[in-house]
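Whole structure, please, built from the sequences with the hints as guidance.
Heads up: the sequence lines are chains A and B, in that order. In terms of this note's numbering, the first sequence opens at residue 8 and continues consecutively. In terms of this note's numbering, the second sequence opens at residue -11 and continues consecutively.
Keep in mind the hints are simulated off the structure, nothing from the lab. Mixed in with the good hints, there may be bad ones.
[Claimed, not checked] To list a few chain A residues with every Cβ distance to chain B over 12 Å, as calculated:
(1) Leu24
(2) Asp30
(3) Ser31
(4) Leu37
(5) Phe127
(6) Leu211
(7) Arg425
[To be verified] Now the stretches of chain B that chain A is said to cover, found in silico as 3 or more residues with beta-carbon under 8 Å:
(8) 18 to 30
(9) 81 to 95
(10) 99 to 110
C-beta atoms are modelled at their ideal positions from N, C-alpha and C, and glycine is treated no differently.
The chain contents come next:
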Amino acid sequence: MSAAPAETPEIAAAPGLVLVVEDSPVARLLLTRRVEELGCRTLTAVNGRQALDRLHSEAIDLVLLDIQMPEMDGRAVLQQMKADAALRETPVIMVSGMDDLDSVVHCISAGAEDYLPKPFNPVLLAARIGACLEKKRLRDEQRRKTEELEQALQQLRAAQAQMLVQEKMASLGALTAGIAHEIKNPLNFIGNFAELSGELFGELREELRSVGAPLAADVEERLAALEQNMGKIHEHARRADGIVSGMLLHARGGKGEWQSVDLNALLAQSVNLAYHGLRARDPSFQILLEADYDPNIGQVEAVPQDLGRVFLNLAGNGCYFAREKRKKLGGDFTPTLSVRTRCLGARVEVRIRDNGDGVPASVRERLFQPFFTTKPTGVGTGLGLSISYDIVVRMHAGELRVESEEGEYAEFIVVLPRAHRPA
Amino acid sequence: VATSADSNDDFDPSVLDELRRLADGRKELFTALLAAFEDETPALLLAMRSGVAEADAAKLRTAAHTLKGTAVNLGALRLAQLCAELETRARASRMDGAESLLAKLEPHVRRLAEMLQAECQRLA
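Now the structure itself:
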């Protein structure tokens, strides 16, 4: 005999969306009505298959599942839910006649949360649904908190690692800047004296001619060779000076200052440095460098050390992946790095493109995340692009994105506002 | 709880009270219950009859079980009891006497429909 208390049973817990699965229309109607009376929203399903469809399309908090149904019964639905990672956590209360206790036991051990005997006792119904929804709510909350904590931990780790790398780069930068500076002085002497010495040859010839001393052919020949050598010394000293200047620009430690920057020049210097950096480690490395600089681009307000680091990084990546493809394909493939700038009015655009294997769609989303790398262990830190992203997006209020066709190319696009507005 | 064949004991008064409480003074619930009952029951009766005629115990058992559930939900004690008896017999494949049980059962189906109709009218 069923007890019918005068007062309306209520659930203290937050109401949820309850799926009522019941083949008999009368039972379905009554059960739905009772559940709605508890403050819950309801959905119904008349058989197991429909129940699974609803479970896949809606965010359901609790399932009231009739055991005996034609076609696909409650046990089969429960079994499929438990085998499905997306539905496994959704609580299920089995609904059964008193004569079906064996099935109830089976379902509880198969993962059903609880059961409700027919005919329904309203108090029992309210208590069990309430307890189930409350448990579900707590579980959801716990999962959300855990996810938040994991995310926070991940961010913390990333920030720590970035700080460490920035710190290392800064001290390495200071060291490099010191050395570069020390090299620059003697390099200047070499260059300048080579130039001066070169000029002396002209004067020497003039002197000899004016005293009327004809020169033997072989002396003339040696003189010309000497002059040529002097020219070479001068030329290469200038080249070395260019590289050292680039190093100085990139490596100056400490906080960078905002200044008006010749973007084309900064980019050219960075690309050059990236190329030389790779050449220094692998003398056999060759790459075709294509440059298309928009002469109208002019000055951009930026922190050159940081922005240069972005270009260095993107160009370095480009060279690396083009080289990898060359290793794979062999001689017929020409690794190419194309660098392009374009004036967009108040903004400027830089495109750095390599013809390596491109960025697979599957990794594109994680590309700018810290520690994400596709390079082999020990080659990449997985921090280059995340730091670049920070510098371009956070610091310079710009955009950094990638376009790629797998197997064909990867193109990194940096868009920067021309003027700096301090935050 | 009534177990005799007396027609006064056809319905469980506490279930009826609970249904009335759920209906909350409006006829919608009973109208919907009546529609659902009239939608479901004829096919069940047909299945039970052909189950008896064809000595198809499984068919009879399934239909009797479903009708029993509906009867229990609506507090129709006698109907539920007769369905349970039929179900038990069918489960044991004892089909003798099934026909007379079915004949006894049919008036109770009508009475249940009448009860629902009466509630609809009372609340109209």
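Against the structure, the hints:
{"no.": "1", "hint": "Leu24", "result": "holds (21 Å)"}
{"no.": "2", "hint": "Asp30", "result": "violated (7 Å)"}
{"no.": "3", "hint": "Ser31", "result": "violated (5 Å)"}
{"no.": "4", "hint": "Leu37", "result": "violated (5 Å)"}
{"no.": "5", "hint": "Phe127", "result": "violated (8 Å)"}
{"no.": "6", "hint": "Leu211", "result": "holds (117 Å)"}
{"no.": "7", "hint": "Arg425", "result": "holds (68 Å)"}
{"no.": "8", "hint": "18 to 30", "result": "holds (count 6)"}
{"no.": "9", "hint": "81 to 95", "result": "violated (count 0)"}
{"no.": "10", "hint": "99 to 110", "result": "violated (count 0)"}
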